[in-house]
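A.B. asks: Letter by letter, the chains look like this.
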Amino acid sequence: MTSGPLAVRAEHLGKRYRLGSRRHAGDARDALGRLASRLLRRGANVSASNSLLWALDDVSFEVRAGETIGLIGRNGAGKSTLLKVLSEITKPTTGFADVTGRVGSLLEVGTGFHPDLTGRENTFLNGAILGMSKVEIRSKFDEIVAFAEIDRFIDTPVKYYSSGMYMRLAFAVAAHLDTEILVVDEVLAVGDAQFQKKCLGKMDDVARRGRTVFFVSHNMEAIQRLCTRALLLDRGRLAADGPVVQVVSEYRAFERRAVDVGRFNARGRSGTGWARIRDIVLADDAGAPVPARHTEEDLVFDIHLEIEEGPRSGSSLRGLVVELVICSDQGQPLVSLMNVDDGGVEVPGVRACRVTARLEGPTFIPGRYRINAFLGIPYLEHVDEVPDAFEFDILPPARPWRPYELHITRGLMCRKATWTCDAERKAV
Amino acid sequence: MHVISTRRLESTRRFDWRRVTDVWRYRELLYFLTWRDVKVRYKQAALGAAWAVIQPVMSMVVFTVFFGRLAHMPSDGLPYPLFTLCALVPWTYLSTAVTGGSASLVGQQHVLSKVYFPRILVPLAAIAAPLVDFAIAIAILVAVMAGYQVVPGLAVLWLPFFVALMVATAAATAIGLAALTARYRDVRYVVPYAVQLWLFATPVAYPASIVPERWRVLYGLNPMTGVVEGFRWALIGGQPPGAVTLLSAVTVVLALVGAIVYFRRVEGTVVDVL
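Going down the list, the protein sequences come from chains A and F.
Numbering-wise, the first sequence is residues 1 to 428 according to this note's numbering.
Numbering-wise, the second sequence is residues 429 to 702 according to this note's numbering.
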């Protein structure tokens, strides 16, 4: 399998970002200021070099046609940047990559979907954006609709779709992209379990058909299942390259070392950004920030939001929904806490606010957990997404809790159920 | 049908033919993006296609009342409403295309940061979509011409040339401003104001003939002067355009080349600043 022709050869790839300019385009005044400072003190511009970030730093590797490569690393390690460079979304700052064949990028499903267009129209539009020709889409159209299981609604505007239908259609289009090289980012992290299974199955198919695949995920099970080889990135550098099992275990060992428990981490955020998560705090009973709670205690998260302007999706706003997905240390999502039932956060006129989520204890078995945080308008807009935004520890019960040992032997959740027993007595 | 080729992705400003051939390879996407813009516009707006009619016609009425009736603006001997509508049709196209085009890259940032395709298709689609409105407006113009019993002469054969000049002007401005807006966000506040000023620097409400002779060359640097005067000459028999049109055409070609060069420099890393 590894003896095919070269599909990708990367030599000393580097990508530099100027911090601050990544999120906001500079305004003309900034540019004038930079120009002035450049003219005044040439060369010795120490403050400028401090604000530079090498998202990729001297990364070299070769990939043969037909290999499936898993890209792993913590958030901000450079995985997404590498995918963006390989799929030509942005240019590298240094080095080069020779890429043989067309590259299809599935960094997100439903890219370019427009809520007012019908399923059929969006299929053609999205297909074209992904690089398919009209003939190609037409020939696969029935297959796409069948895969998405939405044939009755294909001529309905997608804004009337349920989120499940929307995701199925979006994934179906993407899954029928037929390029020599496929670059896939975390698209499987959405939808219900059954749908995820279907997506994984489709990815299996793709990998078996001998195409070259780059796959980024925090789900190590999925990586190990789909990939034969993995690249581990750490702060922009290639930290390991080898068989998937070996690299994954290296990553797990390595991950335990460098963590910042109990502190909000905004690296790797994405979204339209008109509202952002500024901070997440795990609070104790007195409201003070703590990095850990005991199993039996309530988990109280304070999420601090900052709102700059109105939503860009233009549709009537029902409320900004905050979602915290609590995941295991391995990245397996365990539970989603969402304020959608409470109507979300009313945005108009609000500049900043604190949203509090309380999950009643007992919660989880002792261990490390992490949170992926989202802000959005359901089905319409992806406003802010911060993967691995927060990590916290669950400690064993503070006071002796007798049957506790039984509770933690299986599973990750530690819940109390209400039990009843309807007994039928033996006739004496 | 499709050949597997190797391409090198690197930071370079060297001219790359692939950039040009890519635009051709993605021509269907240009069609789809344009089609989406048109479709969404007509689906969302309650007035739909009527908007394409109302815009130039209302301007025509306002201009006729204020400039024609009240200010007694000369109109080269033509009926004033027809005189100004004939200029408003290309002008409305230009202002829609420029306003939409300059905001297009920023507006599509979500797509641009997820998928590669030649970035220039985004402003190109934004200037292609208003051509539908333009076609409707032309039909209105023809109806008004019929109302005034004006029949174009042989000069009408030149109309495609002036339409091309109009589209090229929109393309040069939109492509340049789209890249500039992506780099410097405050440009988007300047654009509507600049377009408004441009309207007064263009002979829409008044004839070019009232501009003093010695300023004509400077005046001709505004490509829309050539376009508007050209439309009038080709359709309703205004003054034949002179060397000024040639000057306009040269300006447009230079501006277009400049805009594309600047766009190419920005496009490779545009998603980093969006």
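In short, the hints are calculated from the structure, not lab data.
A couple of the hints might just be wrong.
[To be verified] Taking lysine-lysine pairs in the DSS-like style, the calculated list, with each CA pair at most 25 Å apart, reads:
hint, chain 1, residue 1, chain 2, residue 2
1, F, Lys467, A, Lys140
2, F, Lys471, A, Lys159
3, A, Lys198, A, Lys140
4, F, Lys467, A, Lys159
5, A, Lys159, A, Lys134
6, F, Lys467, A, Lys197
7, A, Lys202, F, Lys471
8, A, Lys202, A, Lys134
9, A, Lys197, A, Lys140
[What the hints assert, rightly or not] A few chain A positions that, by computed beta-carbon distances, are all more than 10 Å from chain F:
hint, residue
10, Pro92
11, Gly131
12, Asn265
13, Gln330
If you're wondering where the values come from, they're calculated on a predicted model, not measured in any experiment.
Glycine included, C-beta positions come from ideal geometry on N, C-alpha and C.
A.B. asks: Hints first: check each against the structure and report whether it holds.
C.D. replies: Hints, verified against the model:
{"no.": "1", "hint": "F/Lys467 / A/Lys140", "verdict": "holds, 23 Å"}
{"no.": "2", "hint": "F/Lys471 / A/Lys159", "verdict": "holds, 13 Å"}
{"no.": "3", "hint": "A/Lys198 / A/Lys140", "verdict": "holds, 18 Å"}
{"no.": "4", "hint": "F/Lys467 / A/Lys159", "verdict": "holds, 15 Å"}
{"no.": "5", "hint": "A/Lys159 / A/Lys134", "verdict": "holds, 24 Å"}
{"no.": "6", "hint": "F/Lys467 / A/Lys197", "verdict": "violated, 35 Å"}
{"no.": "7", "hint": "A/Lys202 / F/Lys471", "verdict": "violated, 35 Å"}
{"no.": "8", "hint": "A/Lys202 / A/Lys134", "verdict": "holds, 23 Å"}
{"no.": "9", "hint": "A/Lys197 / A/Lys140", "verdict": "holds, 22 Å"}
{"no.": "10", "hint": "Pro92", "verdict": "violated, 6 Å"}
{"no.": "11", "hint": "Gly131", "verdict": "violated, 7 Å"}
{"no.": "12", "hint": "Asn265", "verdict": "holds, 21 Å"}
{"no.": "13", "hint": "Gln330", "verdict": "holds, 27 Å"}
In summary, the structure is inconsistent with hints 6, 7, 10 and 11 from the numbered list given earlier, while agreeing with the others.
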